[in-house]
Amino acid sequence: MKSKSTTSRGIRAAITLKLNGETRRVDVEPNDILLDVLRESLGLKSPKIGCEQGDCGACTVLLDGKSVRACLILAIEVDGHEIATLEGLTADGLTDLQKALLEHNSFQCGFCAPGVVLSATELLNNHPTPTEEEAKEAVSGNLCRCTGYKPIIEAILAAGRKR
Amino acid sequence: MAIAHQFEYVKPGTLREGIRTLARYGSRAQVLAGGTDLISLISDDKLLPEIVVDIKGIPGLDKIELKREPARATVGVLTIGALVTFSDLRESPVIAKKFPVIREMTGWLASVGIRNRATMVGNLCSAVPCCDSGPILQVYDASMLVAGSNGKRKVPLNEWFVGPRKTVLKRGEIATGVAVPLPKKKHAACFVKLRRYEGEDLAQASVTVLVFAGNSYRVSFGAVAPRPVRGEKIEALLEGRELTDDLIRQAVKLLPEEIAPITDIRATKEYRLHMTGVMLERGLRAAVARLNGNGPEYGTSLI
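Here the protein sequences come in this chain order: A and B.
Numbering-wise (this note's numbering), the first sequence opens with residue 1 and increments by one.
Numbering-wise (this note's numbering), the second sequence opens with residue 1001 and increments by one.
Calculated from the structure, these hints are not laboratory results.
Be aware that a few hints might be false.
Claimed, not checked - Below, in silico cross-link-like pairs of lysine-lysine (DSS-like), each with a Cα-Cα straight-line distance of 27 Å or less: (1) Lys1046/B with Lys1097/B; (2) Lys1098/B with Lys66/A; (3) Lys18/A with Lys1269/B; (4) Lys1184/B with Lys1063/B; (5) Lys1233/B with Lys66/A.
To be verified - Reference excerpt, derived from the structure (chain A facing chain B, CB under 8 Å, subset only): (6) Thr16; (7) Lys18; (8) Asp36; (9) Ile76; (10) Gly80; (11) Leu89; (12) Ala91; (13) Thr147.
All C-beta atoms in this analysis are idealised placements derived from N, C-alpha and C, irrespective of residue type, glycine included.
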């Protein structure tokens, strides 16, 4: 990681990041939001544009393994870091969590799905067999207006039981 | 696509370099740590900095450290660095063991995705009246650690907040952390937060209670005044007295002298005042019960 960098306004600077396991270089301006760079410059459409103020969780990505809001991070901040999106997660087929979500018919419109999957993936990485409370807490920042969360929570717990 | 407003970005590698940049730009600079507050303010054109100073490259600011420093009333001082996130606090064994009420607070703060990025010191610097870090640290008599061109200074949290989004931080200064004394006397605490729904929401009102063996109490309130406030009159009333139904009633009666709630999008002032009384009662009872070893587990919602 660069220890020191100054980037002037309106100037494009190259950043390097590990995106879904692959090293990528991309030119960004200081005021570019990570979410926009992921979608527009790097072609990843799974992080969704929702509220754009950190409330809805539709833009969730994993930054160094932790779920974060891509709408509240400058692209230039992730220089030298690792980002994972849903596209990276499914590189080798569906994960146990995704299979469980399918089996439980957890989503309807699917807009919140990428964020929910990443938040729940982080939970299962840290707590392989989570409690219902932990599962609820993990996705409480991912707004779903279709399902009422019940089938989502059930799927997360089922994925945990499989471990 | 980008934020409409253009700015310069700098990531200093040392504290000195950061201070120098902040001193040069003054109010035209904004410090970036977690960014969960700052980036949304810039996106909304509510802040238009000329330069954003990302302090994540400054070494040593990401630590949670409890140092043994025996003094008259304390056994040590906990330092929480400016880059420590709420998730870091939630996962810290030292916090869970010595400051369980801080951990209790982090469980009701926003969502995991925000906690993974937002810092406690940033929460204290953005200084919104409904911040949860302010009242919880006020009962411990915590102090902000500030570094500037003229050296370092410590600001007691009771003097830190000036009003909504205003602190005593001066031009060219960086808040490098917050220092929280660990009391010597046996103690227990409780944090009660009123929200509209489970999951992430800002406080409509919050009450923090710290109680010491021998019936000494400290109370503070969030989201019911222009800044987080300590309830000094209530503390004086309670001092040295065993908690009884009558004493709690007297304490709740003093609330209008301690707080000044307003009506806004999240609640009316009448509702806030009423519920602060309910929460004060439950918080006092739970903190005392915890002190006696028969209280609700930390993290149990009382509301």
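Quick rundown of the hints versus the structure:
For the given pair, Lys1046/B sits about 40 Å from Lys1097/B by alpha-carbon distance, which is inconsistent with the 27 Å threshold. Distance hint between Lys1098/B and Lys66/A is fulfilled; the C-alpha atoms sit about 26 Å from each other, no more than 27 Å. For a cut-off of 27 Å, the pair hint linking Lys18/A to Lys1269/B is broken: about 49 Å separates their Cα positions. Proposed proximity of Lys1184/B and Lys1063/B is supported: the alpha carbons are some 23 Å apart, at most 27 Å.
Distance hint between Lys1233/B and Lys66/A is unfulfilled; the C-alpha atoms sit about 43 Å from each other, more than 27 Å. The interface hint given for Thr16/A is violated, since its Cβ lies 14 Å from the closest Cβ of chain B, which is over the 8 Å cut-off. Annotation: interface hint on Lys18/A violated; nearest CB of chain B at approximately 17 Å, more than 8 Å. Interface restraint check for Asp36/A: the shortest CB-CB distance to chain B comes to about 4 Å, inside 8 Å, so the restraint holds.
With a least beta-carbon distance of about 5 Å to chain B, the hint placing Ile76/A at the interface is held under the 8 Å criterion. With 8 Å as the threshold, the beta carbon of Gly80/A stays out of range of chain B, its nearest partner Cβ sitting at about 10 Å, so the hint is violated. Hint on Leu89/A is violated. Least Cβ distance to chain B is approximately 16 Å, over the 8 Å limit. Hint on Ala91/A is violated. Least Cβ distance to chain B is approximately 23 Å, over the 8 Å limit.
For Thr147/A, the interface hint is violated, the least distance from its beta-carbon to any beta-carbon of chain B being 15 Å, above 8 Å.
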